[in-house]
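So the chains spell out like this:
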Amino acid sequence: MTSFAKRILMVTISTIAVALLALSAVLFINIFLIDQQITDTTETTSNRTEDEILMSVNYNNSKSASKIMQQALARMISSSEDYLTFVKIYASEISHEYGTEFSGDPIEYDYMSYSPETSSQTVENDRNTFRFLPTMFEEVKTNLPNTILQIAVTTENGVMFSDISLKGLHYDFRQRDFYVDVKNSQECKSSAPYIAYSTGKQVLSYSCPIYSDDEFMGVLAFDFLFDDLAKTIFQNDANLDNIFILSEDLSTIVPVMDDIESYDLFRSYDADIKKLLADAVKSPSVLQNVTIGNRYLEAAYVSMWKMPVLLVLEFEEHTGVASLVKNNMDSLSSDLQNIVESRLFVTLFIFLVSIVIVVLVGFFITRLRVNKLAQPVTDLVEKVRLIGEGILEQDFTNIDSNDEIAEIAKEVEKMANSLKEYIYNVEQKTSEEERVKAELTIAHRIQTSMVPERFVDETGRDISVSGVMRPAQQVGGDFYDYYFLDDKNFIITIGDVSGKGISAALFMALAMNFLKYEVAFLEKDESVAVAMSRVNERLAEGNDAAMFVTCFVAKVNIETGEVEYCNAGHNPPLKISADGEVTEISNNKKAEFPLAVLDNVTYTSETFTLDKGSGILLFTDGVTEAFNKEHEQYGISRLIEYLHNTFERTILNPGATINSLLSTIEEFADGETQSDDITALLFKRSRDAEVQWLRVLPVVEKFKPISRIISEDMLYNGFSEQSVSKAAIAFEELFVNVARYSGTDEILVEFFIQDDEYIIHIIDSGKEFNPITNETPDITSSVADRKIGGLGIFMAGNLLDEFSYAYKDGKNVTTLGVNRSE
Amino acid sequence: MTSTNGLEITVDGLEGGDSAVTVMLVGSLDTTTVEEAQKMLLEVLEKLEIGDITVDFSELTYISSAGLRVMLLLNKEATDKNIKLKLRDMRQSVREVFDMVGFTALFTVE
Numbered sequence: 000m001t002s003f004a005k006r007i008l009m010v011t012i013s014t015i016a017v018a019l020l021a022l023s024a025v026l027f028i029n030i031f032l033i034d035q036q037i038t039d040t041t042e043t044t045s046n047r048t049e050d051e052i053l054m055s056v057n058y059n060n061s062k063s064a065s066k067i068m069q070q071a072l073a074r075m076i077s078s079s080e081d082y083l084t085f086v087k088i089y090a091s092e093i094s095h096e097y098g099t100e101f102s103g104d105p106i107e108y109d110y111m112s113y114s115p116e117t118s119s120q121t122v123e124n125d126r127n128t129f130r131f132l133p134t135m136f137e138e139v140k141t142n143l144p145n146t147i148l149q150i151a152v153t154t155e156n157g158v159m160f161s162d163i164s165l166k167g168l169h170y171d172f173r174q175r176d177f178y179v180d181v182k183n184s185q186e187c188k189s190s191a192p193y194i195a196y197s198t199g200k201q202v203l204s205y206s207c208p209i210y211s212d213d214e215f216m217g218v219l220a221f222d223f224l225f226d227d228l229a230k231t232i233f234q235n236d237a238n239l240d241n242i243f244i245l246s247e248d249l250s251t252i253v254p255v256m257d258d259i260e261s262y263d264l265f266r267s268y269d270a271d272i273k274k275l276l277a278d279a280v281k282s283p284s285v286l287q288n289v290t291i292g293n294r295y296l297e298a299a300y301v302s303m304w305k306m307p308v309l310l311v312l313e314f315e316e317h318t319g320v321a322s323l324v325k326n327n328m329d330s331l332s333s334d335l336q337n338i339v340e341s342r343l344f345v346t347l348f349i350f351l352v353s354i355v356i357v358v359l360v361g362f363f364i365t366r367l368r369v370n371k372l373a374q375p376v377t378d379l380v381e382k383v384r385l386i387g388e389g390i391l392e393q394d395f396t397n398i399d400s401n402d403e404i405a406e407i408a409k410e411v412e413k414m415a416n417s418l419k420e421y422i423y424n425v426e427q428k429t430s431e432e433e434r435v436k437a438e439l440t441i442a443h444r445i446q447t448s449m450v451p452e453r454f455v456d457e458t459g460r461d462i463s464v465s466g467v468m469r470p471a472q473q474v475g476g477d478f479y480d481y482y483f484l485d486d487k488n489f490i491i492t493i494g495d496v497s498g499k500g501i502s503a504a505l506f507m508a509l510a511m512n513f514l515k516y517e518v519a520f521l522e523k524d525e526s527v528a529v530a531m532s533r534v535n536e537r538l539a540e541g542n543d544a545a546m547f548v549t550c551f552v553a554k555v556n557i558e559t560g561e562v563e564y565c566n567a568g569h570n571p572p573l574k575i576s577a578d579g580e581v582t583e584i585s586n587n588k589k590a591e592f593p594l595a596v597l598d599n600v601t602y603t604s605e606t607f608t609l610d611k612g613s614g615i616l617l618f619t620d621g622v623t624e625a626f627n628k629e630h631e632q633y634g635i636s637r638l639i640e641y642l643h644n645t646f647e648r649t650i651l652n653p654g655a656t657i658n659s660l661l662s663t664i665e666e667f668a669d670g671e672t673q674s675d676d677i678t679a680l681l682f683k684r685s686r687d688a689e690v691q692w693l694r695v696l697p698v699v700e701k702f703k704p705i706s707r708i709i710s711e712d713m714l715y716n717g718f719s720e721q722s723v724s725k726a727a728i729a730f731e732e733l734f735v736n737v738a739r740y741s742g743t744d745e746i747l748v749e750f751f752i753q754d755d756e757y758i759i760h761i762i763d764s765g766k767e768f769n770p771i772t773n774e775t776p777d778i779t780s781s782v783a784d785r786k787i788g789g790l791g792i793f794m795a796g797n798l799l800d801e802f803s804y805a806y807k808d809g810k811n812v813t814t815l816g817v818n819r820s821e
Numbered sequence: 000m001t002s003t004n005g006l007e008i009t010v011d012g013l014e015g016g017d018s019a020v021t022v023m024l025v026g027s028l029d030t031t032t033v034e035e036a037q038k039m040l041l042e043v044l045e046k047l048e049i050g051d052i053t054v055d056f057s058e059l060t061y062i063s064s065a066g067l068r069v070m071l072l073l074n075k076e077a078t079d080k081n082i083k084l085k086l087r088d089m090r091q092s093v094r095e096v097f098d099m100v101g102f103t104a105l106f107t108v109e
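Protein sequences appear in the order of chains D and V.
Taking numbering that gives the first Met the number 0, I'd label the letters of the first sequence as residues 0 to 821.
Taking numbering that gives the first Met the number 0, I'd label the letters of the second sequence as residues 0 to 109.
None of these hints come from the bench; they were simulated from the model.
Beta carbons: idealized from backbone N, C-alpha and C, even for Gly.
Each computed SDA-like pair below joins lysine to any residue, with the alpha-carbon atoms no more than 20 angstroms apart: (1) D:166 / D:105; (2) D:574 / D:659; (3) D:274 / D:289; (4) D:701 / V:5; (5) D:515 / D:451; (6) V:85 / V:47; (7) D:182 / D:211; (8) V:75 / D:789; (9) V:38 / D:700.
Some chain V residues flagged as far from chain D (calculated, every beta-carbon gap over 12 angstroms): (10) 7; (11) 19; (12) 41; (13) 50; (14) 53; (15) 87; (16) 88.
Produce the entire structure from the sequences given, and follow the hints as far as they go.
Right, here's the structure in full:
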């Protein structure tokens, strides 16, 4: 190696060594500084958190808030006194320290005002006497910066001197209230705020008399901007989030915090705020408060600088110690981040400078263009920073490097791209989910409105029908339908589409409407099976999704009770006979495919007769396949048993039966999620005379269940609550009477509607007894001599529209009647 | 429906030794519930030396003659003990029963 080369090597090595040393020192100092700052910040935050927790605790005791209000008021009063004292001092200084001996230039004419009546001699005299004023004005402004608006001296001769230009003003200020007040009282005064002629702003004025050897010479007045005063008093209060000072009519005077718009408060349409302000005005000096969300406001109607104002303080409510600690920890972490970032930047900067120096030296020594290495790093840093700000579109092709930097650049580019994709996906997914949710809600409403509501044949009361559809999800694949085909034929139908959710719902809508259409257009001699075949063709055609629907349709002749039905793969409906027997209505001829499975299927119909007082329950497998927590199914046998046990009520009131069936299933499931759509429809043919009866033992308490059944039946048949109540009371009285005194073995209760009257027979085989002959109690007698007894029968007679008694075949028959119309 | 419920009775003010006791009747005062009601109301009356009893009827949906008898009995006992009995906030249907049998004139109904 040549010595030149050695020297180059030595210089290079020493340069690098020096640079490394410098670099280490810089890094060390920076690390030390970072550590120091982190310690300080952590300590400050910790202390602050402690303080704030204490404050929050106090605040939550809701005592410190009103304490702040009290402090605010005290400060207002003391500041008012301070300013007055200030003016007083100057007034006395004018009287004593300054005097005619003072040498200096008198005030300029532009700063004087006097009425035209004042003689020029007098004006000159006063101007000379008060020649010290310009100097005094300067001094006052130095001592009282910011807040002072105007200083003025008005002499007993009618001349006014001011520190602001009064050019062109010829006004006798001796007439003004402040002057007259101060002169008469010989005391210092503060005025209520008024609008200053010179500025148009709200001004408070403090005035004091000036004496020379006990002789009244005039008045010294200081004007302050109300806004400035209020701000000076309150702006340093860290406990407050906002203060408003409002005049009585709620037009604002000043919001104390600069960055808050004053009309925030009084323009508020919030009824709570309006009430707060109104309450405060109503009760002077009484503190009112209100909490609205996280705002806590206190208001009091107080005297402020002699003016009645509303003082409103606002605190942001601390939601609790936990959130407070969290907020402070958040701010701590961002503080620490800032420290680290700023220090790192310095470090990086020095590092880069050092590198540049090394590179420059190296350039001169070795002519290597090391700085080329630094550029891609800077570029990359800038791009990463921009990515961090959310600008993900970065061009990485100009990172001119072929080492790790290039690799990092590649990785960063990948990262930016994945971020872009991720953000896009998140946005898409969120809006998609919202949209689907909203649409499903609408779909649910549409589907629910597709099936008919509760139905009562008002005209003849020959039939009655009620249905319910409860999808497992928002929408389902079940449906039911019922309607009059013509005067004497009534259609009932139920269906269940394979699958659940939206696809099933779409198919359900299609099937239901096809069916309605095809049934409506049947020829006279065509059976419902023909309609079923046609619907099958329509559905099977183009059924790419390979869906299918099980379906049961029946046409009931409401006069003869003849039922013609066709069952396309649906679970057999149940027939409930008048005597309580429950049987499946199965296909006797052949089993049929569900609709849409195969085309060219010819469906066949079958018939049976439904007697009066009998009913049919159509249902989907959601009813029988409801699961409980033990994974047991509700099952067909439980359903049959339920219908058998309640058959009297079933025939009485399909609506109530459907509802109680649903409750029974819910009870069985015991909170287990509904896995399938539940749909059921109950159709009944009414009994001829509709005489219903119940036979019970002569036990007093039995009146209650019977009364309940009768009441339900009355309400169902459109009797008013009032009629029901009358019948219930009368029934209780008579039933209890019979149960107690007749000595019968059992009581038979018959009930039915006859010519718009609800009739109840109470029949017993006890001893002969006519309740109606029982004497009328004297209801006008006083309470003391009133006999207890006979009251019930009297009440029954009063409540009932029909009340009669007969004894025949060894039986007492009491008839109770209540009219429908009241 | 009017007679489907049982009856719940709550008594307010007796424990604190107040002289003003409020009894709240919730549900149906009929043949099946009247025994319990009578027992409870007379018990209240027994514990009370002076003052008055207010019976809140606002949640009573049904009253039959059996219920009226209990009220009548309570009124008699109260009068004997010189305790004032007041009935408050009757529903329309219950009020009609009271009116029908002339009880409105016998009681202080508010």
